[in-house]
Structures are given as structure tokens and as C-alpha cells.
Amino acid sequence: MTLWDTTPWLVWSILLPLIAGILTFLFRRAAPWIGIATALGSAVSVAGLTAQVMHSGPLRYSVGGWGVPLGIDVRADGLSVLMLVMSAVIGVAVSVYAAQYFSDADAADEHADQAHQRAYFWPLWMFLLAGLNGLFLAADIFHLYVTLELLGFSAVSLAALAGKRAALVAAMRYLLVSLTGSLFFLFGVAILYAAYATVDLTALAGSVLPGPLAWAALAMMTVGLLIKGAVFPLHFWLPPAHANAPAPVSALLSALVVKASFYILLRLWFELFSAVVTPAAGTLLGLLGAGAILWGSLQALNQSRLKLLVAYSTVAQLGYLMLVFPLARNADSAFTAWSACIYFVLAHACAKTAMFLAAGNIAHAAGHDRIAELDGITHALPLSVAAFSLAGISLIGLPPSGGFIAKWMLLQAAISSGEWGWATLILAGSLLAAAYVLRVLWHAFTQVEVARPLHRVPRTMEWSALALSLLAVLLGLMAAQPVKLLHIGAPMSVHAPGQL
Amino acid sequence: MNFDNWLLVFILLSSFVTGLIIFFLKEEAHRLRTLLNLFGALLKVVLVGVMIVGVQADHVYESRLELLPGLDLVLRADAMSVLFATLSSVLWLVTTLYAVGYLEGEPHRSRFFGFFSICVSATTGVALAGNLMTFLIFYELLTLSTYPLVVHRGTEKSLQAGRTYLIYTLSGGALLLLGTVWLHTLAGPVEFSLGGALAQVATQHRSELIAIFALLITGLGVKAALFPLHGWLPQAMVAPAPVSALLHAVAVVKAGAFGIVRVVYDLFGVHTAEALGVLAPLAGIAAFTIVYGSVRALFQDDLKRRLAFSTVSQVSYIALGTALFGYLSTIGGLTHLVHQGIMKITLFFCAGIFAHTLGVHKVSEMAGLGLRMPWSMAAFTIAALGMIGVPPFAGFVSKWYIGMGAVGSGSYWAVAILAASSALNAAYFLPILHAAWFKKRVDPWPADHAHGVGEGHWMLLAPPLITAALVVAAGVLANAPFSPLEWARHITEIEYGK
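Just so you know, the sequences run in chain order A and B. Read in order, the letters of the first sequence correspond to residues 1 to 500 in this note's numbering. Read in order, the letters of the second sequence correspond to residues 1 to 498 in this note's numbering.
You may find that some hints are simply not true.
As the list claims (entries may be wrong) - Computed footprint of chain B on chain A, listed as stretches where at least three residues anywhere in the stretch have a Cβ under 8 angstroms from a Cβ of chain B:
| id | stretch |
| --- | --- |
| 1 | 14-23 |
| 2 | 410-417 |
| 3 | 425-431 |
| 4 | 438-445 |
It is worth saying that the hints were derived from the structure and are not from the lab. Every residue, glycine too, gets a C-beta built ideally from N, C-alpha and C.
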């Protein structure tokens with residue numbers, strides 16, 4: 001056993017950003033460097049943890065050795081490892097981007113109070129990362145609640161960072177929504193604790209029985225998470241909050257923060273309440289997803305501003321995740337649907353981050369993000385337009401991207417359980433996505449001389465967007481390993497006939 | 001490293017990497033770009049040559065990458081893939097030469113040639129795909145890489161054409177995806193194999209397989225421009241001439257037709273498809289498209305639009321030959337895959353020369369063209385006669401075999417279709433030839449860039465001369481070893497298990 005094997009990497013992945021949050025607050029000049037170093041350090045911890053989980057299966061670690069019921073436990077299985085890898089990769093790319101974004105001299109006249117933004121971005125982002133990693137590793141529902149709050153507060157503050165009126169209004173709404181969601185969740189936690197005297201996920205999963213109490217708790221927690229996760233029709237707060245934030249913040253909010261709620265939903269529905277949920281409830285969530293896909297895409301088609309279009313695309317894409325609930329009912333296709341949605345989360349995270357960063361570059365160069373006036377932008381920003389296109393390919397679900405493989409698995413799950421309605425929906429959603437992505441790319445090929453001078457965009461900002469979009473595409477060629485990783489600790493049989 | 005496992009990957013990369021590098025070249029780096037283009041194209045031809053020799057010597061070339069547990073990305077060289085890969089790589093080489101000459105001095109050449117190269121990688125991928133999933137991936141990649149070529153001019157009209165193109169192809173792609181996933185859930189990971197792979201499955205899942213066949217053929221029919229899915233093709237004519245040549249002869253339309261051939265022969269198997277009763281409807285649609293395309297072509301004054309409708313018609317010969325369920329018509333259909341390519345690319349090269357050098361876009365403006373540009377017009381004439389099916393040119397050979405096959409399988413109606421179509425072909429090609437060779441020029445040329453004398457640039461002229469020579473050679477030397485006909489015969493023997 002080497003040191004690499006025995007280090008409690010899961011604790012470090014939470015601890016490092018927590019420490020960095022304080023450091024970046026104290027040492028503002030060095031904040032970008034501390035931030036990037038922490039993102040890298042957190043990525044190393046996640047790599048170490050991944051190796052451990054792949055080697056020896058699901059992990060559980062009692063911080064300080066206290067254990068249940070007194071201390072805090074953290075745990076990791078295939079699902080949490082993949083989520084951590086996602087936040088590590090996105091974290092590194094966004095940190096590199098942000099270091100340039102918040103220090104660029106050109107930006108000073110664009111964004112009010114540049115110094116203020118730089119000062120608060122890093123600590124908030126570090127706390128957000130700590131909250132996120134903590135959430136993915138939480139072993140009990142109270143710990144889930146705490147990390148969810150940490151995540152929510154840092155996300156809201158980040159959304160308010162731009163300081164303009166529109167951003168403040170949106171952030172205020174986000175705050176109220178976030179608090180409401182948390183309260184609902186906390187109610188559920190309280191009910192479960194009152195009934196079963198434990199908050200441990202595994203212990204609860206073994207003892208929760210169907211009944212009014214469990215249904216109430218499930219309903220409360222689910223509603224809370226649907227609000228925080230911006231699932232249609234509770235998505236109203238997301239587009240303004242995501243679209244008015246600075247580009248790196250929009251990326252973090254859309255790619256990572258909303259996924260946290262979905263992650264908890266998965267834990268609740270497939271582990272804690274697996275004996276409680278009914279098929280009809282799964283269908284209901286699936287229908288919400290269908291509404292999200294259709295409504296979000298149509299709204300994206302109607303937007304005149306680029307960042308709002310990208311934000312509505314998030315609403316639509318989150319809808320696909322909800323399809324896991326109806327599609328995983330059939331035992332034969334459960335694991336396929338499960339893998340599909342989780343892979344969808346990864347692909348969407350890469351693609352959406354790339355898209356928001358690219359949109360940020362475009363807005364930065366042009367001084368606005370009105371889609372109709374983007375003619376000729378390709379000449380100024382070929383790399384960013386390429387990043388936008390590649391990310392779009394993954395969002396549409398065209399091969400060989402990560403989005404394609406995810407949709408392939410979704411379709412496979414839908415068709416093998418005879419659910420043709422969902423299959424049609426998935427394809428229709430792809431065509432709608434193609435329509436809104438092409439609305440933007442339409443302007444990439446027009447031959448118009450650009451009248452206004454464009455702001456220079458630093459190369460690192462262009463490349464970090466492009467790198468993530470390439471990753472979104474390449475995810476389509478490396479899905480086998482992540483799917484095998486999901487076997488570890490999967491809450492359903494992974495070897496049913498016709499499975500992955 | 002085992003070379004046999006990597007050859008196919010190298011074949012793909014030879015154009016893909018070239019394309020990526022070209023994207024990053026400065027607009028002014030004309031020489032370097034041309035050099036890279038030609039190097040990539042030549043390298044690809046050489047590698048494909050190695051593959052042909054290897055396949056002939058029973059080497060197995062195969063590369064795999066695990067996409068999902070139980071589902072691989074497979075590249076494999078079999079007789080069928082060699083046929084299409086050779087066609088596309090050779091024609092790509094000449095088209096590259098042509099495109100370099102055609103786009104001289106125009107903006108956005110790095111973007112153009114970048115996508116141009118990626119488009120050919122996608123086509124080669126379609127040719128070498130060893131299962132339906134792999135085919136689908138490259139088929140969609142082809143859609144994506146050709147879109148920027150179609151809208152290259154950036155005008156309102158070309159953007160409109162690009163939009164139509166995407167609406168058609170992406171919807172077709174969605175149906176193809178649906179069929180592919182459905183088949184995967186029924187039969188697991190099925191790989192293409194000469195002779196078919198679904199005979200076992202067909203006994204249990206008859207109705208499902210018929211539905212899957214319909215989905216797949218509809219999805220492929222969009223690119224193959226089967227009626228009523230052909231609407232995008234005439235519109236896409238706004239693209240520059242090298243792109244039209246590529247779309248019609250090398251890449252897009254051919255990928256659709258090749259896909260139909262693959263699905264019928266190497267996925268379902270011709271005997272299974274016949275037993276399922278799905279061949280007759282396909283033959284009917286193909287026959288209708290043949291006549292419909294020819295009739296529409298008659299009424300087009302725009303030369304490229306006339307050629308486009310001619311493609312609609314001619315590509316369906318491949319589908320018809322495929323669907324007739326006769327040994328000889330299969331040979332004819334496969335041969336036509338190659339023959340239609342070399343003939344149509346010649347026609348588009350020439351149409352491009354006329355437009356580029358003299359500003360001639362319309363059939364009604366072509367009077368006296370033969371005297372002004374005898375070489376270009378000669379190439380055009382050879383290809384047009386080939387299209388009509390005049391011996392000894394390439395088109396005659398493939399039409400003959402399709403017709404013989406139709407007689408052999410008792411489908412006399414198909415012979416009538418072939419005869420009618422040949423008459424229509426003559427009706428829309430002969431007036432062009434007549435005007436060009438025998439009418440006297442009265443008006444000045446619409447836009448004479450060569451100042452009153454001579455042919456177009458040599459880079460424009462050489463490609464159609466080469467392909468026209470191929471049209472003659474493929475007809476005259478049809479029985480020589482390695483001719484398209486012989487290769488098609490070789491494939492057909494395997495498909496029918498002889």
C-alpha cells in the first residue's frame with residue numbers, strides 16, 4: 001500500500017477548496033493563482049479517489065473516526081466519482097478562463113466595478129467547489145442539506161456579481177427560490193429524522209416503508225430539488241440569473257450547480273426511497289422533463305440575446321435528465337437509462353460550459369450579445385465560434401459527441417422497454433436543439449464587413465472554451481470506461497439481459 | 001504496432017489531419033495549403049492502393065474502439081468498402097486539384113479546404129464502417145462537414161439552401177438513428193458482413209425488421225435523393241462547382257446510395273430482404289424517382305439544376321439495381337455506383353468551367369461553346385453520352401447489366417423504365433450537345449474571363465479530362481481485371497453466395 005492508495009482523497013477534495021476560499025479572501029492579489037492551483041489540486045484528489053474506487057469498490061470514510069451516528073461520514077461510488085471528475089474538469093477550465101476574464105484591462109469599461117468582481121469571485125467560487133464536492137460525497141441527508149445550502153448561497157452571490165440592476169434583480173429572485181427549495185428539502189429531512197431517528201442514507205434506505213410519512217417526505221424533498229434544479233415549470237428563475245452573470249459564473253451555474261439537485265434526486269429516488277416511489281410518480285417527472293425539453297427549446301428559439309438562448313437551452317437539456325425516472329422502471333433497461341442520464345450530465349456540463357464561455361467571448365468582443373447583429377463574428381473569433389459549434393453538436397446529440405452517446409443510451413432504454421413516446425420526444429428535442437444552435441451559426445457564414453471595431457479577446461479565453469467543447473465531442477469516443485465505473489455501487493442490477 | 005490494425009485509421013487521418021492543419025493556415029498561405037491538400041489527397045490514394053492490394057491478398061484490415069460495453073466503433077475493409085473508398089479517394093484527388101484552381105483568389109479558402117478534407121474523411125469513414133453504428137457516426141459527420149461547403153458563398157440564397165439541406169439531412173439522420181437503435185435492441189451489435197447478418201433475427205421479428213428497414217431506407221433516402229426526399233439537392237446547387245461535384249459524385253449522394261446497398265446486402269442480406277418483401281417497394285420508389293428526375297431535368301434551363309435532377313434520376317439506378325433481386329442487376333447497380341460518380345463529376349467540372357470562365361450558367365446560353373472550348377466540351381460530351389447509355393461509355397455497361405438483371409428476374413417493367421429514362425436522358429442532354437457543337441455563337445459571352453480565347457485554367461481543365469478518360473476506360477475496358485465491373489462482379493458473387 002503506497003501513500004497514494006491510503007490517502008483519504010475524498011476528504012481532501014472538500015478540504016482544499018474550503019481552505020482556498022479563506023486564502024483567496026485574505027490574499028486578493030494572489031487569488032487567481034490560488035484558485036487555479038486549488039482547482040488543479042482538487043482534480044488530483046479526484047484522480048486519486050477515482051483510482052481507489054475503481055480498485056476497491058465503493059468507499060466510506062468517517063471524518064475524525066467518529067462514525068455514525070455522531071460524526072460526519074463521506075462516501076464515494078461510481079456515480080459520485082463521475083460527478084467529482086466533472087466538477088474537477090470544469091473547475092480547472094473555468095478557473096483558467098476566469099483568471100484572464102477578471103483581469104483583462106479591456107473588460108474594465110464593460111463591467112462595472114471590475115476590482116470588486118475580481119475580489120469576490122475567487123472566494124465564492126472556492127466555496128462553491130467545496131460545497132459541490134461535499135454534496136457529491138455526502139453520506140447522509142443532513143449533510144446533503146448543509147452542502148446544498150453552501151452551494152446555493154455561493155451560487156446566488158456569484159449570480160449577483162455583475163452588480164448591474166438586471167443581475168441584482170435576477171439574483172434576488174434566485175435567492176428566494178433557492179431558500180424556498182432548501183426549506184422544502186429541510187422539511188423532508190426533518191420528517192425522516194423524526195420518523196426513523198437517523199439521517200444516514202444507507203440506514204434510511206433499509207428502513208423507509210411506503211406510507212403517508214414517507215410520501216410526504218419524498219414529495220417535499222422532490223419539490224424542493226425541482227425548484228433548485230430549475231425543472232420545468234419551476235425554471236422561471238434560471239434564464240435571467242444565468243444570462244446576466246459574468247461568463248465564467250454562467251458556466252458554473254449552468255454546468256454544475258443545477259446538476260447537484262439532480263444528483264440528490266437520483267440518490268433519493270433510486271436509493272433512499274426506492275421502496276416508496278410509484279411508477280405514476282416516475283411518469284409525472286418524465287412529463288415535466290418533456291415539458292422542459294419542448295418549452296425550453298421553443299423559448300431558446302425565440303430569444304434575441306445569445307446568453308439567454310444558451311440559458312434556455314439549459315432548461316431544455318435538464319428535461320432529458322428527468323427521463324431517467326420513467327425509463328428506469330423497466331428492470332431490463334434500468335441501468336441503460338441510469339447510465340444515459342448520468343452521461344448526459346457529463347456531456348452537458350462540458351458542452352454548456354464551452355458554450356457559455358464562447359458566448360462570453362463573443363459578447364466581450366462585440367460589446368453586446370444580440371444574435372441578429374453577430375454577422376462577421378467568425379473573422380474576429382474563429383476559435384470561439386468553433387467552440388460554440390462543437391458544443392452545439394453535443395447539445396443536439398450528433399455523433400460522435402458525448403451528447404450523442406447519451407441519447408443513444410436513452411433511446412436504447414426507451415425502445416427496449418417499448419416506450420415509443422419517450423423515444424419520439426428525444427428525437428424531436430434533438431431537432432429543436434439543432435434549430436436553435438443553427439440560429440446562431442447562421443451568422444457565422446454571412447459575408448458582411450464588420451463596421452464596429454471589436455475588442456480583443458485573450459487567447460486563453462478562446463482556448464479554454466475550445467478545449468471543453470473538444471472534450472464534449474470526444475466524450476462520445478470514451479464512454480465505455482465511465483459506464484463501467486457506474487457499475488460500482490449502481491442501485492440496480494447491472495447485468496440484466498440486453499444491458500450495456 | 002500492427003500495421004494491419006492501423007491502416008484504416010491512417011486512411012481516415014490522412015485527410016482529417018490535413019483538414020485540421022489547413023484550418024489554422026493563414027488565408028495568404030496559398031502554396032502551403034495547396035501543397036498540403038495535394039499531399040493529403042495523394043497519401044490517401046496511396047494508402048487506399050495498399051489496402052486494395054492487401055484485401056486482394058486476403059489480408060484482414062480491422063480497427064476497433066469500444067464505444068460502450070458491447071458496442072464497438074468498427075472500421076473494416078471488405079470488397080464492398082474497397083469499392084467506395086477507392087472511388088471517393090481517387091475522385092477527391094482530382095476534385096482537390098479542380099477546387100484549388102476554381103477558388104483561386106476567393107475569400108475563406110482555409111475554411112473551405114479544411115471542411116473539404118474533413119468531408120472526405122467522413123466519406124471514407126462511411127465506406128469503411130464495419131457496423132451500422134459506425135456508419136451512422138460518419139454519415140452524420142458528413143452532414144456536418146458539408147454544410148459549411150454548401151453555404152460557403154455566404155449569400156442569402158446559399159444560406160437558405162444550407163438551411164434546407166440541414167432540415168432534410170438532420171431529419172433523415174434522426175430516422176436512421178431510430179432504426180439503428182431499434183435494430184441494436186433487437187439483435188445486439190450486428191456487424192456488416194457480405195451476404196447479410198440478419199437471417200436469424202428475421203425468423204422471430206419479421207414485422208419489426210420491416211419497420212426498421214423502412215426507417216433505415218428513409219433515413220438514407222434523404223441523402224440518396226429518393227423521391228420525395230430529394231428536395232434539398234437542386235437547391236444545394238448554389239454551392240461552388242467543386243462542392244457540387246463532391247456532393248453528387250463523391251460524398252453525400254453516394255453515401256446515401258452506398259448506405260442503401262450496405263443495408264440491403266450486408267446487413268439484411270439480399271435473400272432475407274427478399275423474404276421480408278421489402279425489396280419490391282424500394283424498387284418501385286427507385287423506378288419512379290428515375291423517371292421523375294429525368295422529367296424534371298427536361299424543364300431546367302439552369303445547367304447545374306438540370307444536372308442536379310439528372311443526379312436524382314441516375315442515383316436511383318443504383319437503388320433499382322440493388323432492389324431488383326437479380327444477380328446481374330446487382331452487378332449493374334454496384335457498377336453504376338462508380339460509373340455514375342465519374343460521369344457526373346465530369347459534367348459538374350465542365351459546368352463549373354463554363355460558369356467560371358465564360359459566365360455561362362444556362363443551357364440557353366451554350367450555343368457555340370464547343371468551338372470556343374473544344375476540350376472541355378468534349379469531356380462534357382463523353383460524360384453526357386455515357387449518362388444516356390451510349391456504348392462504349394461507362395453508363396452503357398451499368399445500364400446493360402441492370403436491364404439484363406431485370407429480364408432475368410422477370411421484372412420487365414424495369415426494362416421499360418430503363419428505356420424510358422434513356423430516352424429522357426437523351427432528350428435533356430442532346431439539345432445541349434447540339435447547341436454547343438452545331439449552333440453558331442451570335443451574342444458575346446456573359447462574362448469572358450479568358451479574354452476571347454482559349455479554355456479555362458489548366459487546373460480546371462485537367463480534372464474533367466482525366467475523369468472523362470476514366471468514363472471511356474471504364475466502358476471499353478469493362479472486362480479488364482480491377483475494372484469497376486469486375487470488382488462489382490466479385491462482390492456480387494459473395495453476396496449471392498456463389
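Under 8 angstroms between beta-carbons, do enough residues of the stretch 438-445 of chain A, three at least, approach chain B for the coverage claim to hold? holds (count 3)
Do three or more residues of the stretch 425-431 of chain A come closer than 8 angstroms to chain B, measuring C-beta to C-beta? With 3 residues closer than 8 angstroms to chain B, the stretch 425-431 of chain A meets the three-residue bar; holds.
Checking C-beta pairs, does the stretch 410-417 of chain A have three or more residues closer than 8 angstroms to chain B? Since three or more residues must qualify, the claim that chain B covers the stretch 410-417 of chain A holds, with 4 doing so at under 8 angstroms.
Using a Cβ cutoff of 8 angstroms, are there at least 3 residues of the stretch 14-23 of chain A near chain B, or does the coverage claim fail? Check failed, 0 qualifying residues.
Checked against the numbered hints listed earlier, the structure breaks hint 1 alone; every other hint is satisfied.
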